[in-house]
Amino acid sequence: MPATRKAWKVDVLVTLKPSVLDPQGATVQRALESMGYADLTAARLGKYLQLTFRGRLSRKAVEQQARRMCDKLLVNPVIEQYRLTVAEDRGREAKP
Amino acid sequence: MKFGIVVFPGSNCDHDCYAAVRDVLGQPARFIWHGERSLPDVDCVILPGGFSYGDYLRTGAIARFSPVMAAVRRHAERGRPLIGICNGFQILLEAGLLPGAMLRNRDLHFVCRYVHLRVESRRSPFTRALAEGQVLRIPVAHGEGNYFCDPGTLERLRANNQILFRYCGPDGETGPAHNPNGSLDHIAGICNTAGNVVGMMPHPERCMEPAMGSTDGRELFRSLLAEAAAVLG
Numbered sequence: 001m002p003a004t005r006k007a008w009k010v011d012v013l014v015t016l017k018p019s020v021l022d023p024q025g026a027t028v029q030r031a032l033e034s035m036g037y038a039d040l041t042a043a044r045l046g047k048y049l050q051l052t053f054r055g056r057l058s059r060k061a062v063e064q065q066a067r068r069m070c071d072k073l074l075v076n077p078v079i080e081q082y083r084l085t086v087a088e089d090r091g092r093e094a095k096p
Numbered sequence: 001m002k003f004g005i006v007v008f009p010g011s012n013c014d015h016d017c018y019a020a021v022r023d024v025l026g027q028p029a030r031f032i033w034h035g036e037r038s039l040p041d042v043d044c045v046i047l048p049g050g051f052s053y054g055d056y057l058r059t060g061a062i063a064r065f066s067p068v069m070a071a072v073r074r075h076a077e078r079g080r081p082l083i084g085i086c087n088g089f090q091i092l093l094e095a096g097l098l099p100g101a102m103l104r105n106r107d108l109h110f111v112c113r114y115v116h117l118r119v120e121s122r123r124s125p126f127t128r129a130l131a132e133g134q135v136l137r138i139p140v141a142h143g144e145g146n147y148f149c150d151p152g153t154l155e156r157l158r159a160n161n162q163i164l165f166r167y168c169g170p171d172g173e174t175g176p177a178h179n180p181n182g183s184l185d186h187i188a189g190i191c192n193t194a195g196n197v198v199g200m201m202p203h204p205e206r207c208m209e210p211a212m213g214s215t216d217g218r219e220l221f222r223s224l225l226a227e228a229a230a231v232l233g
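Residue numbers (the numbering used here), protein chains in the order written: chain A, 1 to 96; chain B, 1 to 233.
Keep in mind the hints are simulated off the structure, nothing from the lab. Quick caveat: nothing in here was measured; it's all calculated off a predicted structure.
With a straight-line cut-off of 20 Å between C-alpha atoms, the simulated SDA-like cross-links for lysine to any residue are:
id : chain 1 : residue 1 : chain 2 : residue 2
1  : A       : K17       : B       : L108
2  : A       : K47       : B       : L57
3  : A       : K9        : A       : A87
4  : A       : K17       : B       : G152
5  : A       : K47       : B       : N105
Looking at chain A on its own, in the form it has when it is part of the complex (with noise of 0.2 Å):
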């Protein structure tokens, strides 16, 4: 464990399971191809959570939390999947 305290920032974001119907997803295709946008062949929701962490953690004790609270809350696994990045955050300086 680092001898510093450090501030991090994990971007956690989270979609519907490719198997599973997304009707505001399909709302949104329906609107962006009526507008013209002819290419377009999906478009799809999700959520984006952004949690931040400071103490003496190291990023793989930040990154076993965050997947944590993923598993226990911040996703349902019966509809959803997410993926997480985990990036130190140097513009907040960890006080002492």
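Fit chain B to the given chain A structure using the hints.
For chain B alone, kept in the frame of chain A given last:
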């Protein structure tokens, strides 16, 4: 039979359930705040409709972590009756007490109207006294009642007679025109394999007296009470 109605922040059908149980059925009823860690002395638990936690994140997703839900789970595991109506159904799905999940309604609209339901199975105490194929008129009021599950789960639901109600027309015929939300296989309500845990999107508590347009909601509760009376003998 003693009824407990769980009140989450954002529940709004709790008083309807209370009135249905106490005033129409003449049974004792009490509210249970979601922050309780145990259940009072009740035989049947109702998770009522509404918008628990504002439907934030996903419908029912946050309510399932309310302190009372651990006690509700134990109640269900003891085989005691538990029914989730509308948002209550969504909570049961998120809690994993029933299989599947809810999607936005097919047409994205909030649908609030009377629909017809066909009784498909007598597996639960709420349907035991009904007849398979019987058609009920019960209102729905939801934006996310588009039931979904994977093909394997659907196969199991069918094989175990866990599908209790399907949306239908006045004569019991099913089809997209009679399905208000696009739910898979026209599913309106299901139960667990034991039959004691029931989830349904339509609101039986909203059709308990002639002035409400239908009294078909009583049928479910009467079935439950008849079953309890038979068990107590």
